[in-house]
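When you get a sec, could you build the whole thing from the sequences and use the hints?
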Amino acid sequence: MVRSLLTPRWTPPGLPAGGAFTVSEIRLSRSALKTLARGVSAAAVATLAFALPAQAANVFRFAFQGDLKSLDPYSLKESFTEGMQQAAYESLVTLDKNLKFAPGLAESWETPEPTRWRFHLRKNVTFHDGTPFTADDLLFSAQRVRASGSNFTTNVPADAEFVKVDDFTVDMVLKKPNPIAIAQFPTWVIMSKTWSEKNNVVQPTPPSATSPSYATLHENGTGPFVITEHQPGVKTVFKKFPGYWGKVESNLDEAVLTTIANPATRVAALLSGEVDWIDPVPLQDQQRVNASGTATVMAGPELRTIFLGMDQDRDELKDSSVKGKNPFKDIKVREAFYLAIDEDTIAKRVMRGQAVPSALMIAPALYDRGAEFKRPATDLKKAKELMAQAGYPDGFSLTMDCPNDRYVNDEAICQAVVSMLARINVKVNLNAQPKAKYFAKVLAPAYDTSFYLLGWTPSSLDSHNILYEIVGCRKPGDKSGRGSWNLAGYCDPKIDEIADKVESETDKAKRDALIKDGFDVLNTDWGYIPLHQQALAWGVSKKVHLTQRADNLLLLYWVSKDPQ
Amino acid sequence: MLAFLLRRVIQAAAVLAVVGLIAFAMFRFAGDPVNQIVGPDTTVAERSQIRTDLGLDDPVLVQFVRYAGNVVRGQFGISYQFRQPVSQLLAERMPATLELAFCATVFALVVGILMGVYCALRRDSWIAGLFQAVSLIGISLPTFLIGILLIYLFSVTLGGLPSYGRGDTVRLGWWTTGFLTASGLKALILPSVTLGLFQMTLIMRLVRAEMLEVLRTDYIRFARARGLTTRAVHLRHALKNTLVPVITIAGLQLGSVIAFSIITETVFQWPGMGLLFVQAVQNVDIPIMSAYLLLVALIFVTINLVVDILYTVVDPRLRLSTGRAA
Amino acid sequence: MSGYDLDAGDAPPVPLPEAKPSRLARWRDSDLLANFLRSKTAVAALIATVLMVALAFAAPLVAPQNPYDPAQLDLINSNLPPIWQADGQAPYYLGTDDQGRDVLSAVLYGLRLSLIVGGLGVLTSGILGIALGLIAGYAGGFLDTLIMRVADVQLTFPAILIALVVDGVAKASFGSALDVGPLIGLIVVSIGLSFWVQYARTVRSSVMVEKGKDYVQAARLIGLSPPVIMVRHVLPNVTGPVFVIATINLALAIITEATLSFLGTGLPETMPSLGTLIRTGNRFLFSGEWWIVAFPGLALAGLVIAINLLGDWLRDALNPKLQ
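Protein chains in written order, with my numbering: chain A, 1 to 564; chain B, 565 to 890; chain C, 891 to 1213.
Please keep in mind that the hints were generated in silico from the structure rather than gathered at the bench.
By construction, the Cβ of each residue, glycine as well, lies at the ideal position given by its N, Cα and C atoms.
Just to be clear, a hint being listed does not mean it is correct.
What the hints assert, rightly or not - Derived list of chain C stretches under chain B, where covered just means 3 residues or more per stretch with a C-beta under 8 Å from a C-beta of chain B:
no.: 1; stretch: 1034 to 1042
no.: 2; stretch: 1140 to 1149
no.: 3; stretch: 1159 to 1173
no.: 4; stretch: 1193 to 1200
As the list claims (entries may be wrong) - Each pair of labels, with its calculated beta carbon distance range:
no.: 5; chain 1: B; residue 1: A632; chain 2: A; residue 2: N124; range: 49 to 59 Å
no.: 6; chain 1: B; residue 1: R735; chain 2: A; residue 2: D253; range: 20 to 30 Å
no.: 7; chain 1: C; residue 1: G1009; chain 2: A; residue 2: I331; range: 42 to 52 Å
no.: 8; chain 1: C; residue 1: F1032; chain 2: B; residue 2: V626; range: 24 to 34 Å
no.: 9; chain 1: B; residue 1: R637; chain 2: A; residue 2: P563; range: 25 to 35 Å
no.: 10; chain 1: B; residue 1: A632; chain 2: C; residue 2: F926; range: 50 to 60 Å
no.: 11; chain 1: C; residue 1: V940; chain 2: B; residue 2: G693; range: 14 to 24 Å
no.: 12; chain 1: B; residue 1: A578; chain 2: C; residue 2: T931; range: 24 to 34 Å
no.: 13; chain 1: B; residue 1: L585; chain 2: C; residue 2: G1009; range: 48 to 58 Å
no.: 14; chain 1: C; residue 1: D959; chain 2: B; residue 2: R735; range: 56 to 66 Å
no.: 15; chain 1: B; residue 1: V626; chain 2: A; residue 2: P212; range: 19 to 29 Å
no.: 16; chain 1: B; residue 1: T793; chain 2: C; residue 2: T931; range: 27 to 37 Å
no.: 17; chain 1: B; residue 1: L585; chain 2: C; residue 2: D959; range: 37 to 47 Å
Below, the structure written as structure tokens:
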């Protein structure tokens, strides 16, 4: 109220806009006016003292369930953090609103020969501290991103050598052709060499750092926003960078990020207008948000695929009633599980329609031939027959691992799976835990799970990542990363062969055909049970206009807000 | 007297040492911090490297000695998730928690005493019954549910009161305060009520019980017989006698209010130490968790010590007893 | 200072026992009974408590569904409103939750589970606290100091922190896939470990008063051993206060279990207690599916209020100064 009194656009209640009231009306209540004036001046003092800087600007307030943990752009690979860092830092190559490559700090690039990529850098770009951006910064960043302690080492091919041609031309020389060499460049942002040297942050802040690093709490990018205040876990303030080289779609002067972990509080903050954007909106609250009249839910399919894995590695399952053998090694049991789980009902009920059932381990948006795959229909009768044929007419018991704070309604999905498997007499003990404990249990090196739920977005946005990391054979002591996320220990050497061919195939049609072969092998094996792609659900105030991309990154340069 | 003091201080130090040991020991079981430090794409080799760098592979005893040595020097380490010194994070968050605890205690005292006095004086009136019933609800529903209901009622439905955070704060040196801005004061209301409700019930019932007892004592009867007005008797004599135990309890409760603010801070996203602790538990941020526990223990032990000493000053007979002033 | 407890939901002191040797005798001489029958609140609270306890333990007989059997849940029946609303369906009189679990059945089974957890927790803390209080008060000296310092340490750790410790240690030692039985055990231990201090302090201060009394001296003179004196003569004198604390702690224990489940260390969603039901239900507070949280909430509040009222009445009745 105090703020609106001082805003020029404010119209006294009950009067037509534009302030068309007469002098006599004012005279009528001189004493009232005096009181009002006194109040206003007192309020003005208070406002001037504490609130004025914020009031003049067009401020976008937004709340996320987690924190922006570090400002060092190479320290944490996590989509929300990446999106926030891209407001302040820029990459060589960016993604446009449709996830297609677009020029960033590189105006253009070409491949004069299959192993040489040439980047033409943008001129007249300055970092937030005023120093100009040149080829040296790119060379420095290419080194830093692959140094020990970086969480983004795989974003730039390990064998790539960066050669400076002139101040604004750089060549990337590879040892062998690689059609997806720049696939992860959009999340590799460029840092300033001089700033990093001056502040002693030449090395990335390693996760195990024992002394704080300057880059953790300060940024110096070339992006359209400057981070002026960063209190980890509390709030982060972004302000428009006046010296930005390009035109920015956003009309914001300032953006304030707050962490609100509790879902109910987050929704309340949006409904009461305290924040303009929240992520995520719990599925059950979406109707309420849409009905509020002040905010809407922006939902779209996400690239993340939620799936179930079955341990096919151990000779005997942990915590199962079946002793001496592993029922999941029997393809009939895997098929029975697949057919018993009614994904359509999960999508409709648990996910309230905000999920797309999936026949593949990758989102259709990321694989052009994804639509050719169909999910087998639920068939309880056949599932029971298969169980009987496999020798388990009375079922068996096992434990299922499930995170309860990682994916949309993760625990509810697992509970539904438990009920559905009960119909083929499989008794599932559900062990749902917070993600910290869940990942500690199921990830390498323990792989301590028989049956689990996981979600995956390929960081390269490409099928090869799935065939290599999730489905590839995992071997003890293998440092290549193949099968590193194959918690189920599923293994078919045919897929490894195909994956290797996919990696170096440059012809798109041939490549897509190879990928299809790979997924066909997987599906015939009933190796994994893909469930669905969950929907993104942002709660957005009607005053705000923004772009939602399927990778779930909130990019401030596409956010605008109607001025007060 | 000096010997007594010294012994109590040594005991307090021993308590802190034990808490330190427990704090360290428990968090060896709270999950794997490496998974929280790195993103999901980190390879196994990188993970084990981090594990080694953090010293998580060392024997437990080595880890504890290193930890204890650092704590004595005031170093609680670097938060795994924020990569900032824990002492700095706690210092940043402390004002929020202390202001919340203070407001909750004031709320509990003022409302609790008023309601308690009323219930004692008008023991059989329906308003007293109502107060008793309302106070029962305060301890019958879990704090988190009360908080969410208050948000639903006052932020979403009626509007006006903020649902999260501290509002605008003003920095005074290293302290940030919400007392100097309108939005800061408004933001304090719902969390203070939520946190203070439990203590309010406690104090209300204590005051009622004490008043009922005092009102029956001979000296109140004498005061009445002397012809003092009922109000004077009630307020000047009865209430005054009641207040000593009430203030003692309120003071002793302050420590647990701070500890219990964990839940309130989680519901209201109040940027205090409790929220930091909950975030740390979820993210297996061991340095923050152990520092927080030690800090709460320190606050508690200090309050206990002060109370003990005050009692000794007040009641000389206790100076001779070896146990606590019970 | 004596008798005031730091973490109590109800610190009002139970006055130290008077010179009368046994308070149990007071139960028998029916003063209490007459007093009880005079108090309408107490009678109502008792009826409510007995009714809820009976319903809870008869849950398998009266509930339309076994909410703990996943085979009985069907997603098709999820999120149904109570029977009196437009889409309500029999036999889901109070509606269903997001898994198709019947809310009425879940409340009944949850009530039973909460009572078991709370009851066992109170029993554990009571036995622990009384034993330690007797030892501390009777033995005095070093043992007394030690026990009371341990009590101080314990007080710095609220139940929720203790639960995190116990939960973490247990899961690290036995693997994380625990059945419900051991899980209940964990929560009971957590509650036991966090609530014993009150009993210990109350019993200790009573013992310190009693042990100077003539009858204890006499008992000692005729050669009774300290444990016998403590259990047979001192203990009966503190049953009143202990009983009051236990009643109120039962209510607190049930709420603590609910809070634990809010922080993720409570009972699993597949086998919900009242607390777990409220925790999961509160997600649906804004979405209009109010019945998922409202009925468990009402049941919890009703139970706790009834128990508290009984405790209140008992305390007032046992307080000679108020009679």
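Comparing the hints with the structure gives:
Coverage of the stretch 1034 to 1042 of chain C by chain B holds in this model, with 5 residues showing a Cβ closer than 8 Å to a Cβ of that chain against a need of three. Remark: the stretch 1140 to 1149 of chain C is confirmed as covered by chain B, as 5 of its residues place a Cβ nearer than 8 Å to a Cβ of that chain, reaching the required three. With 4 residues carrying a beta carbon less than 8 Å from a beta carbon of chain B, the stretch 1159 to 1173 of chain C meets the three-residue requirement, and the given coverage holds. Here's how the stretch 1193 to 1200 of chain C fares: 4 of its residues keep a CB closer than 8 Å to some CB of chain B, so the rule of at least three is met and the hint holds.
At roughly 56 Å, the beta carbons of B:A632 and A:N124 sit within the given window of 49 to 59 Å. Between B:R735 and A:D253 the CB atoms are about 22 Å apart, so this pair conforms to the stated range of 20 to 30 Å. The hint said 42 to 52 Å for the Cβ distance between C:G1009 and A:I331, and at roughly 49 Å that hint holds. For the pair C:F1032 and B:V626, the supplied restraint of 24 to 34 Å holds, since their beta-carbon distance comes to about 33 Å.
Under the hint 25 to 35 Å, the C-beta atoms of B:R637 and A:P563, about 52 Å apart, miss the expected range. Under the hint 50 to 60 Å, the C-beta atoms of B:A632 and C:F926, about 56 Å apart, fit the expected range. Between C:V940 and B:G693 the C-beta distance comes to about 23 Å, which sits within the given range of 14 to 24 Å. Roughly 46 Å separates the CB atoms of B:A578 and C:T931, a value that falls outside the hinted 24 to 34 Å.
Under the hint 48 to 58 Å, the C-beta atoms of B:L585 and C:G1009, about 32 Å apart, miss the expected range. Taking the beta carbon of each, C:D959 and B:R735 are about 57 Å apart, inside 56 to 66 Å as hinted. Checked against the hint of 19 to 29 Å, the C-beta distance between B:V626 and A:P212 comes to roughly 24 Å, which is consistent with it. In this structure, B:T793 and C:T931 meet the distance hint of 27 to 37 Å, their C-beta atoms being roughly 32 Å apart.
Under the hint 37 to 47 Å, the C-beta atoms of B:L585 and C:D959, about 44 Å apart, fit the expected range.
The structure does not agree with the numbered hints 9, 12 and 13 stated previously, though it agrees with the rest.
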